[in-house]
Structure formats: C-alpha cells, structure tokens
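For reference, the chains in residue letters:
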Amino acid sequence: MIDLTMDKDRDFAELKRLAESLSDADFDRSMPPPGLWAAIEQTLKPEMTRAERTQDRKFGGGFSARLLGAAAVVVTAIIVASAFGSADDGPRLVAQANLVTDSLPVVTEAEAGVNLVQTGDGYALDIDLTALPLASNAELELWVINGDVTDMHSLGVLMSSGRFALPDGVDPEDFPIIDISVEPFDGNPAHSGQSTLRGRFEL
Amino acid sequence: MVYDQHSALIFSFCRRALPESAADVTQEVFLAAWKSRERFDPTRAPLPAWLIGIAKNKIVDALRKSGRQVPQLDDHDGDRIASIGGVIADVDSLGDRMLLAEGLSQLSDRARRVVELAFYEDLTHPQIAHRTGLPLGTVKSDIRRGLGKLRRYLEAQT
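So the protein sequences, as listed, match chains V and A.
For what it's worth, our numbering labels the leading residue of the first sequence as 327, then goes sequentially.
For what it's worth, our numbering labels the leading residue of the second sequence as 3, then goes sequentially.
Derived from the structure by calculation, the hints contain no laboratory data.
Every residue, glycine too, gets a C-beta built ideally from N, C-alpha and C.
Heads up, some of the hints might be wrong.
[Unchecked claim] Straight line, CA to CA, 25 Å or less: simulated DMTMM-like cross-link-like pairs of lysine to aspartate or glutamate:
#, chain 1, residue 1, chain 2, residue 2
1, A, 142, V, 528
2, A, 37, V, 512
3, A, 151, V, 335
4, A, 151, V, 500
5, A, 151, V, 350
6, A, 151, V, 337
7, A, 151, V, 499
[Unchecked claim] If you only want the chain V side, here are some residues facing chain A, beta carbon under 7 Å, derived:
#, residue
8, 343
9, 348
10, 352
11, 353
12, 355
13, 357
14, 359
15, 420
16, 429
17, 443
18, 488
19, 492
20, 511
21, 513
[To be verified] Stretch-level coverage of chain A by chain V, calculated; a stretch enters the list once three of its residues show a Cβ under 8 Å from a Cβ in chain V:
#, stretch
22, 24–34
23, 38–51
24, 119–125
So that you can see chain A by itself, here it is in the shape it has in the complex:
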C-alpha cells in the first residue's frame, strides 16, 4: 500500500533527476524504506517526506557512482567535483519542490485556494476573506493548518 500510494511521486522524482535509471533507483528507495521501516517516525514527518528523503540519498549515491566512472584527476577534476556539488543541491531543491507540490495537492480544495492566494497574490487574511467570501476565522485557520501541513512535509526529512 505504501508503494501503491507513493510510487508515482518517487518514480517521478527519480525520473526527473536520473531519467536513465529511474526505475532502478525507485526500486532501491522502496527496498531501503522497507528495511528501515522501524525508523520511520510519523510524528516527525509524513510518509512522502520520509520517502523523498531516502530518494534524495539514493539519487545522490547513483550520481556519485556514475561520477566515479569519469577518469580521475584530469584537468577538469576540480570542475567535476564542483559540478557534482551543484547537482546535489539541484536534487535537494527538486525534491523539496515536488514535496511541496505533493503537500499542496493533499490540502482540501478550500484550504489550497486560500493558501495559494496568500502565496501567489500576496493577499492579506482580510483580503482573502473578501475575495473568497469565507469568514475571516476560516481563512486564518485554513492558512495556519495548511502552512503547518506544508511545513511538516518540508522539515525533518530522512
């Protein structure tokens, strides 16, 4: 069930980071998740966040392995190391973006609309209440709970 619910997220992440070996890395992620399932703590992070954290590590491992096949110590070695560092940062931020997208999709339609108005249109709470016709208290609690949920997706990975 964990696989049924989250394999599309993990596979899509792997596919964007490593198009050639997305299926292999996805398999490694779920194997690793099963083996370390005792360490999963739902009070620290939701399951998709935990899986994305594992996937980031597996993707970086795979990138490092493929990097080793590059001839060592040539003139471009410094550049290569720097570029792997850059790739790792890219993987990290891609994973975060896909997690935030996942978190937004998990919000109720109303909460997502309210949060999006705050994110993308810079509206204040009263402006959002006016725009949506929702009571101010509802807007405030949707934002507070919605942001709380998104924050949980993005902190405490691995």
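Isolated chain V (complex conformation):
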C-alpha cells in the first residue's frame, strides 16, 4: 500500500511501477570502445574551430581585476627550451605549464598539465587532465589570456585530454595564461568568470 500522506501520489505510483520493473541489467554499465571519443573529436574538429572563432570576447572591467589578482598567485611553469630546431615532422615542444586551482572561484581536486607545441599549422596546446569533476549542468571551456589580462580567446569546450589549436594570428607569447572555466549552459559565449584551473607559460 502506498502511504497516503505522501505528496504527489500519482507520480510516486508511476515511479514505483517503473522501479519495480527494473532488472540488474538496467544498472549494468559498459564502457564504449577506447577510440570512440577520438573519432567523435575528429568529426567535430571543423565545428569546434568555427565555434571558437565566434567565442572570442574581451573581458569586462570587473572580472579583469579579479582575474589579475588570481593570475598573480598561480603559475608553476617550466620552460623547456627546445634544442632541436631541425627538420622534425612531429610537433615541437615549446613550453610546459601546470594548471592549478589556487585562489580561483571554482576549487577542484583536478590537475592538468599543458604543453605548448608548434605544429605544421601553428601553435597548439596539449592538455592532460586528471580527475576533473563537473556538475551535470555545466561544461568546461579552455581559454588563452594575454599577459595584462585584457584580452582572451576561447579554444573550445574541454571534454577530455587532447590537443587544442590556437586560432590563427594568436601568438602564445602575447597570450601566455591558460585558463579553464566552468561554463553554465546559458547560451552566453563570454567567459563566465568561474575559472577552475589556471597556469602560465614562461616564454
């Protein structure tokens, strides 16, 4: 018998009926094949590039001051001067940085390392993320920010480790700060101000 003091008796009855039809198999989860995300990312690449072009935004003044304060404390970075300038087909490592959560609005247990690489097409960031938790109502976005925190470019939505190309004409020396923000699904392409990890290349 259903407890009649319960709110919304009908909803409860429907949920109860569905719950009674559950089998163990409905709780079983199996992981998709390992290469699947790479295939999805490959298909999305042209669209992600298009999206990032429309997402470039200047900072508003209030946010810029906050960001500057945070940027001053962060930053562990190692320069790897590349001794091989020779004809190497693969991407060339230019610099490395660790992204940390200190003093940022959204504290996380996660860690991320970033390599700045030079490819045949220009510069790109190789991001290596571990244990990045995310609320179900938001996504992560990767940004590069200039040294005096007055300009920024989105490199796209961050769903896993991977490579993100810098837009044409964006010089990493001018945009040495790497920022990961938590973006609500609100349709607003500007930076939310909710940064969770940040680091800086010493170039």
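Once you have looked at the hints, place chain A on chain V.
Using the frame of chain V, we list chain A on its own:
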C-alpha cells in the same frame, strides 16, 4: 567531460537496444549533443536525461533505417510496421528504466535506502523511520527530495 561522465550510460543503452551498432549510435548521440548544446536547458532536465532523450531518437532512426532494407509491401508489411511501433515503445521504456537506475545510483546511500524501502517494501514513512532508525522528518525529506530528483530524470526529455 560530458563524454567521460555519461558515455557508459549512453553506450550501455545503445548496446542493449542495438547490439550491432552501439558504438556508431553512441557517436551520433554525442555529435548531436555537441551540435545542439545551446538547446540544453539544465532547469528542464539533468544532462543524462537529455542525452538519453537524444539516444532514443537516434536508436529509433537507426531502427527505421534498417527497417527500410526489408523488402517493401509484401504480405507482412502490416506486421512489420506494427512491430517497429512495438520496438519504439520498447526503446522508450528501456531508456526510462536505465535513467531511473541512473537516478537511483546518484542518490546518497541513505536517500536510496529510504526510497527503495518505499518502492519495494511498500513501507509508510513511519515504518521506514522505525526500520532505519532515522527521524521521521529525515525520512520524509529524503523521500520528497529523492522522488523529486528521480522525477526530474524522467520528465521533459529531448
């Protein structure tokens, strides 16, 4: 991250509905989700519910496509159409069951225990309080919030 957190749910759903092409359909779901991400409204449905809604459509599309390969207008055409209708209903209810399982797994251990006692053992609030040793007010709020969360998983998909 959306993929890391929810691909197992979506792939498992696709695998049960379409064992042959689960990976392909999973890929289509995440491509479609990325392309329509502006339309996702977290106030209407949690992300797993939204993704399952997309997956239901993609699975039904895939079933329809494979149905087209069946020779048309033979004696069994009526049966075939009826059976596709039945399959669609099955996909819908499988998706709902997997979402409810997902929602239950997302509850705290205490809330899940309380909700399960109400679902599976038909206990009243005072009986649940007695059985678990929890205060009646805690039982009531666990049930109210737990059911609210499960309801959100199961309404307003797509």
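How the hints compare with the structure:
no., hint, in the structure
1, 142/A x 528/V, "56 Å, violated"
2, 37/A x 512/V, "15 Å, holds"
3, 151/A x 335/V, "16 Å, holds"
4, 151/A x 500/V, "46 Å, violated"
5, 151/A x 350/V, "21 Å, holds"
6, 151/A x 337/V, "12 Å, holds"
7, 151/A x 499/V, "47 Å, violated"
8, 343, "9 Å, violated"
9, 348, "6 Å, holds"
10, 352, "4 Å, holds"
11, 353, "5 Å, holds"
12, 355, "4 Å, holds"
13, 357, "5 Å, holds"
14, 359, "5 Å, holds"
15, 420, "26 Å, violated"
16, 429, "22 Å, violated"
17, 443, "22 Å, violated"
18, 488, "11 Å, violated"
19, 492, "21 Å, violated"
20, 511, "5 Å, holds"
21, 513, "5 Å, holds"
22, 24–34, "holds (count 6)"
23, 38–51, "holds (count 8)"
24, 119–125, "holds (count 5)"
Checked against the numbered hints listed earlier, the structure breaks hints 1, 4, 7, 8, 15, 16, 17, 18, 19; every other hint is satisfied.
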